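Chemist: Protein chains in written order, with my numbering: chain A, 3 to 223; chain B, -13 to 398.
No lab work stands behind these hints, which were simulated from the structure alone. Just to be clear, a hint being listed does not mean it is correct.
DSBU-like cross-link-like pairs, simulated, lysine-lysine; straight-line CA separation at most 35 angstroms [stated by the list, open to error]:
1. K81(A) with K(-7)(B)
2. K69(B) with K229(B)
3. K122(A) with K311(B)
4. K383(B) with K63(A)
5. K122(A) with K218(B)
6. K86(A) with K(-7)(B)
7. K63(A) with K122(A)
8. K35(B) with K114(A)
9. K114(A) with K218(B)
10. K311(B) with K(-7)(B)
11. K86(A) with K121(A)
12. K114(A) with K63(A)
13. K311(B) with K229(B)
14. K114(A) with K81(A)
15. K58(A) with K161(A)
16. K218(B) with K81(A)
17. K161(A) with K81(A)
18. K86(A) with K383(B)
19. K122(A) with K54(B)
20. K161(A) with K311(B)
21. K3(B) with K86(A)
22. K114(A) with K383(B)
23. K3(B) with K383(B)
24. K229(B) with K54(B)
25. K383(B) with K58(A)
26. K383(B) with K161(A)
27. K311(B) with K63(A)
28. K311(B) with K121(A)
29. K383(B) with K121(A)
30. K(-7)(B) with K3(B)
31. K(-7)(B) with K114(A)
32. K58(A) with K86(A)
33. K(-7)(B) with K58(A)
34. K383(B) with K(-7)(B)
35. K81(A) with K63(A)
36. K81(A) with K54(B)
37. K35(B) with K311(B)
38. K161(A) with K(-7)(B)
Note that this is a predicted model, so its numbers are computed, not measured.
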Amino acid sequence: MITLNNIDKVYRTERVETLALQNINLDIADGEFVSIMGPSGCGKSTLLNLIGLLDKPTHGKLLLDGMHINGAGDRSLAKMRNEKLGFVFQSFHLVPDLTVLDNVEIPLLYRKIAAGERKKLALAALDRVGLSSRVHHFPTQLSGGQQQRVAIARAIVGKPRIVLADEPTGNLDSAMGDEIMGILQELNEKDGTTVVMVTHDDRFAQQTGRTIRLFDGRQVA
Amino acid sequence: MNIANLKLALRVLARRKVFTAISLVGITLTLVVLMVATAILDNIFAAGKPESNLDRMLFVTVVGRYSKDMSQTSQPGYGFLQKTIRDLPGAERFAYFTQLQTAVIYSGTQRIETQMKRTMPSYWQILDFHFIEGAPFTAADDAADRPVAIITDALRDKVLGSGPAVGRTINLGGQQYRIAGVVSRVPITRISAYAEVWVPIGAVTAELQRATIGEYNGVVLARSRDDFPALKREFNTRVANYKPADDRPGTVTRSGLDTAFEALARPMFNNPENMDAALVLRTIFVSLALLFMTLPALNLVTLNLSRILERAPEIGVRKAFGAPKRTLIAQFVTENVILTLLGGALGFVFTIIALAVLNHTSFIPEAQFNVNARVFGYGMLIAIFFGVFSGFYPAWKMARLNPVNALRGGAL
């Protein structure tokens, strides 16, 4: 499903060159629940961004569903992100000026789907995360846990095969965190969605099928 | 543009009140000036009473005479018009009229300066003045050289008071004229129609019959605009064959049979041979409008650029969920166009007020500017163009944000 071969990621500025990832080799199979762990600054988010096609590797090959993405242009990367991937971010990243329903519809705006159908799919996704009663609220009217559930609904509304979660419980208390973790597990187990999750929390990592550990940009386990 | 994005655009504007207010002030001011200019140009170049047939009218307003040692440009003379536009095949009517002349009316002890035109009787059939009383002077009046005059209601009120005027006389330049009709006042922007008093051309002397240059304008009413090319061709042939007896050998005469816009452009560049004068004038108008829009557009560009960081996480999210650059550019340009359309709507209201003020001051004599559907349409087109013009660069900058940096709320 996801293959990384000898991936390096170097960030260059005028004066400094930072090796964020070095020689990463990774295979993630369809339907896996993988967690990525490591200390701050070890390259976890960079790795997730590469898998999510939000960034490009400096060296090495990246394949998604058997397709090389290294030379892909803006339009085809956007299409792949839209169809195959769903993102959940630590700080939710809901658009504050949009209602819960409009936020969840965002991924569908970039597909040829009629407004009525978009609304139906968004309501179904919100129902799945238990937020059907809050569709017309704005993000600031919701608790952190509720906002993250909206973010999950947005990530799954387009039925992607892969959900990438960057510390989805990082800004939540443990009860809320458990709730979010439960939703991700259900997605993985019931729908067979591949989930790749960056986390600092060993407790949550233990609930995933496999843990990849990074240290100073290198894969150590 | 879907409803969600439209709602988003309005909410963003409502949330950023200071930004929206500053932007709207700039946009509205710009659009008011452009819409007022459009209304004035529309009043000059679009058909409207008494130039209801302006779309079918062609004018001769300038004649040039050139030889080895001479170059002379002037208004046409009576003789030139007789030889070039009289009975043009395919034309419905033709007329000559003088340029505006200042004439003095003596009323008791009062000395009133007024704007006068001398015209042919057919002038009244080409232009559709609104006669409040009386009727135009006729070919019989003209042939008999009768001293008759048509005056505006404004002049009537000034000279004779508001009662009936037909049949009464006015002392125009020391000669008594009988008033044959009173017409509604005409705005100065209706160039071929404007005057306060009209009198017949009167006796045509031999000298007038020979005059190549003089103080006349010619107007030809075509049956339709489709006849313009044929009429112009025939006119050019007549001009090419125009050889006044008293011309020195080697003298060439040039002129043009022009639409209202071309007629304004041609003398402006003082060159009757310059057939591209209209294009040059049009280019100047468009360039001035663009130049005028540039400063407020740059202001809006700067304001928009300053908001990129504020919108960065949203851009990151949209990119992460599959928005291609082109779609994001379209979204942000559309948001800007919505802002400029709001400015356009406000500008429209202020334009109506500004035109009403112009109409009630004597800055432009007898101004009757109004905002019709065409001016409104042009105004909205200008607003949309202004929105795209000032929105594209910031939108392009926003859309090319690196998604990772954007999600961090980050730098360009």
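Chemist: None of the hints should be skipped; say for each whether it holds.
Modeler: Going down the list of hints, with the structure as the test:
1. At most 35 angstroms may separate the alpha-carbon atoms for a hinted pair to count; K81(A) and K(-7)(B) meet this at roughly 25 angstroms.
2. Only pairs whose Cα atoms come within 35 angstroms are accepted, and K69(B) paired with K229(B) is accepted, the gap being roughly 10 angstroms.
3. At most 35 angstroms may separate the alpha-carbon atoms for a hinted pair to count; K122(A) and K311(B) meet this at roughly 27 angstroms.
4. In summary, the hint linking K383(B) to K63(A) is supported, as the alpha carbons are separated by about 29 angstroms, within the 35 angstroms threshold.
5. For the given pair, K122(A) sits about 65 angstroms from K218(B) by alpha-carbon distance, which is inconsistent with the 35 angstroms threshold.
6. Distance restraint check for K86(A) and K(-7)(B): the Cα-Cα separation of roughly 28 angstroms lies within the 35 angstroms cut-off, and the hinted pair is therefore satisfied.
7. The hinted pair formed by K63(A) and K122(A) fails the criterion: a straight-line CA distance of about 38 angstroms is larger than 35 angstroms.
8. A threshold of 35 angstroms between alpha carbons decides the hint, and for K35(B) with K114(A) the separation of about 52 angstroms lies outside it, so the pair is violated.
9. Between K114(A) and K218(B) the CA atoms are separated by roughly 55 angstroms; this puts the pair beyond 35 angstroms, and the hint is violated.
10. Our distance criterion of 35 angstroms between C-alpha atoms is met by K311(B) and K(-7)(B), whose separation comes to about 21 angstroms.
11. In summary, the hint linking K86(A) to K121(A) is supported, as the alpha carbons are separated by about 20 angstroms, within the 35 angstroms threshold.
12. Of the pairs offered as hints, the one joining K114(A) and K63(A) holds, with about 31 angstroms between alpha carbons and a cut-off of 35 angstroms not exceeded.
13. Proposed proximity of K311(B) and K229(B) is contradicted: the alpha carbons are some 67 angstroms apart, above 35 angstroms.
14. Between K114(A) and K81(A), the direct Cα distance comes to roughly 12 angstroms. Compliance with the 35 angstroms bound is thereby established for this hinted pair.
15. Distance restraint check for K58(A) and K161(A): the Cα-Cα separation of roughly 24 angstroms lies within the 35 angstroms cut-off, and the hinted pair is therefore satisfied.
16. Restraint check for K218(B) and K81(A): the C-alpha separation of about 59 angstroms exceeds 35 angstroms, so the hint is violated.
17. A threshold of 35 angstroms between alpha carbons decides the hint, and for K161(A) with K81(A) the separation of about 14 angstroms falls inside it, so the pair holds.
18. Using a Cα cut-off of 35 angstroms, the hinted pair K86(A) and K383(B) holds, with the two alpha carbons roughly 27 angstroms apart.
19. Between the alpha carbons of K122(A) and K54(B) the distance comes to roughly 84 angstroms, so the proposed pair goes past 35 angstroms and is violated.
20. As the CA atoms of K161(A) and K311(B) are separated by approximately 23 angstroms, the hinted pair is consistent with the 35 angstroms bound.
21. A threshold of 35 angstroms between alpha carbons decides the hint, and for K3(B) with K86(A) the separation of about 39 angstroms lies outside it, so the pair is violated.
22. A C-alpha spacing of about 26 angstroms is found between K114(A) and K383(B), which places the hinted pair at or below 35 angstroms, so the restraint holds.
23. Distance check on the hinted pair: K3(B) and K383(B) sit about 23 angstroms apart at the alpha-carbon level, within 35 angstroms; holds.
24. A C-alpha spacing of about 16 angstroms is found between K229(B) and K54(B), which places the hinted pair at or below 35 angstroms, so the restraint holds.
25. Of the pairs offered as hints, the one joining K383(B) and K58(A) holds, with about 20 angstroms between alpha carbons and a cut-off of 35 angstroms not exceeded.
26. Restraint check for K383(B) and K161(A): the C-alpha separation of about 31 angstroms stays at or below 35 angstroms, so the hint holds.
27. Restraint check: the Cα-Cα separation between K311(B) and K63(A) comes to about 24 angstroms, which is no more than 35 angstroms; the hinted pair holds.
28. Under the criterion of a C-alpha separation no larger than 35 angstroms, the hint pairing K311(B) with K121(A) is consistent with the structure, at around 24 angstroms.
29. Distance restraint check for K383(B) and K121(A): the Cα-Cα separation of roughly 31 angstroms lies within the 35 angstroms cut-off, and the hinted pair is therefore satisfied.
30. Note on K(-7)(B) and K3(B): the hinted pairing holds, with a Cα-Cα distance of about 16 angstroms set against a maximum of 35 angstroms.
31. Simply put, K(-7)(B) and K114(A) have alpha-carbon atoms about 20 angstroms apart, close enough for the 35 angstroms limit, and the pair holds.
32. A threshold of 35 angstroms between alpha carbons decides the hint, and for K58(A) with K86(A) the separation of about 17 angstroms falls inside it, so the pair holds.
33. For the proposed pair K(-7)(B) and K58(A), the alpha carbon gap of about 34 angstroms is at most 35 angstroms, so the pair holds.
34. This hinted pair checks out: K383(B) and K(-7)(B) have alpha carbons roughly 23 angstroms apart, not beyond 35 angstroms.
35. Among the hinted pairs, K81(A) with K63(A) is consistent with the structure: their alpha-carbon atoms are about 19 angstroms apart, no more than 35 angstroms.
36. Note on K81(A) and K54(B): the hinted pairing is violated, with a Cα-Cα distance of about 73 angstroms set against a maximum of 35 angstroms.
37. For the suggested pair K35(B) and K311(B), the alpha carbons sit about 51 angstroms apart, so the restraint of at most 35 angstroms is broken.
38. Between K161(A) and K(-7)(B) the CA atoms are separated by roughly 26 angstroms; this keeps the pair inside 35 angstroms, and the hint holds.
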